[in-house]
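We have chain P; now place chain D onto it with these hints.
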Amino acid sequence: AQSVTQLDSQVPVFEEAPVELRCNYSSSVSVYLFWYVQYPNQGLQLLLKYLSGSTLVESINGFEAEFNKSQTSFHLRKPSVHISDTAEYFCAVSDSDKIIFGKGTRLHILP
Amino acid sequence: ETGVTQSPTHLIKTRGQQVTLRCSSQSGHNTVSWYQQALGQGPQFIFQYYREEENGRGNFPPRFSGLQFPNYSSELNVNALELDDSALYLCASSLEGGEYTGELFFGEGSRLTVL
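Here the protein sequences line up with chains P and D, keeping their order.
For reference, each letter of the first sequence is one residue, going 1 to 111 in my numbering.
For reference, each letter of the second sequence is one residue, going 112 to 226 in my numbering.
Warning: the hint list may mix true and false statements.
Straight-line C-alpha distance at most 20 Å; calculated EDC-like pairs for lysine to aspartate or glutamate [stated by the list, open to error]:
(1) P/K49 to P/D85
(2) P/K103 to D/E165
(3) P/K103 to P/E88
(4) P/K103 to D/E207
(5) P/K103 to D/D196
(6) P/K49 to D/E193
(7) P/K49 to P/E66
(8) P/K49 to D/E214
(9) D/K124 to D/E193
Here are some chain D residues pointing at chain P (derived, C-beta under 8 Å) [stated by the list, open to error]:
(10) F156
(11) Q159
(12) G169
(13) L178
(14) L201
(15) G208
(16) T212
(17) F217
Worth flagging that the hints you see were computed from the coordinates, not collected in a lab.
Where is the CB? At the ideal position from N, CA and C, for every residue including glycine.
If we strip away everything but chain P, and leave its shape as in the complex, we get:
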């Protein structure tokens, strides 16, 4: 079975500073990877996904993630965070009939 590991439960970062949220997945022949975001008091939303092709994928609000097969990682990055990025971020992987989520990383933006 597939799995993902998010090593950081919380990440504090100053506004306008860069951030990286780490995610490692269990090795597999083929893998579909996702990042979801959960804003306060809202449901989860798909932020970006890697299915195939280019290993660098981007979201519309400036986040990007890179699929690294050799390191089995799919880290999420943003060069400059904004207060509105305050949320919980979940790395996830497709596993046949379901999506498996990590435990989440809470992003705290400091003024």
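Same frame as chain P, but now just chain D:
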């Protein structure tokens, strides 16, 4: 188009009771998945319904059951509630194959507290 709506948003039950949670899927979606999100954890897959049939199940006991109706709305039923069932229950709707594309659309959840 309307999004995924869940009801009730909050409820409190006692051990041994039964609960029914409801989900209206997004217009045009024929697949519904249910997840349990305990405090401080990621969502855990309970089961998926596709065209009124259970189409996959996670590691949850049989007292967790579900239904999907012809209009693709869904219910999650939990019998003999235990304290550990306290969690946020999330419903996600999608087209078939959403588990491969990641195109799941989540509701805001039903927060269940078991005393």
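Hints and how they fare:
Annotation: proposed proximity of P/K49 to P/D85 holds, straight-line Cα distance about 18 Å (limit 20 Å). In summary, the hint linking P/K103 to D/E165 is not supported, as the alpha carbons are separated by about 26 Å, beyond the 20 Å threshold. Restraint check for P/K103 and P/E88: the C-alpha separation of about 10 Å stays at or below 20 Å, so the hint holds. Restraint check: the Cα-Cα separation between P/K103 and D/E207 comes to about 26 Å, which exceeds 20 Å; the hinted pair is violated.
Restraint check for P/K103 and D/D196: the C-alpha separation of about 18 Å stays at or below 20 Å, so the hint holds. For a cut-off of 20 Å, the pair hint linking P/K49 to D/E193 is broken: about 36 Å separates their Cα positions. Only pairs whose Cα atoms come within 20 Å are accepted, and P/K49 paired with P/E66 is accepted, the gap being roughly 10 Å. In summary, the hint linking P/K49 to D/E214 is supported, as the alpha carbons are separated by about 9 Å, within the 20 Å threshold.
Proximity of D/K124 to D/E193 is assessed by CA-CA distance (about 10 Å); at most 20 Å being required, the pair is judged to hold. With 8 Å as the threshold, the beta carbon of D/F156 comes within range of chain P, its nearest partner Cβ sitting at about 4 Å, so the hint holds. With its C-beta approaching chain P no nearer than about 6 Å, D/Q159 sits inside the 8 Å limit, and its interface hint holds. Interface restraint check: D/G169 against chain P, minimum CB-CB distance 7 Å, threshold 8 Å, status holds.
Hint status for D/L178: violated, given a least beta-carbon distance of 18 Å to chain P, over 8 Å. The restraint placing D/L201 at the interface with chain P holds, with a minimum CB-CB distance near 7 Å, inside the 8 Å limit. Restraint check, D/G208 versus chain P: the minimum CB separation of about 10 Å is more than 8 Å; hint violated. The beta carbon of D/T212 is positioned within 8 Å of a beta carbon in chain P (closest approach about 7 Å), and the interface hint is therefore held.
Restraint check, D/F217 versus chain P: the minimum CB separation of about 4 Å is within 8 Å; hint holds.
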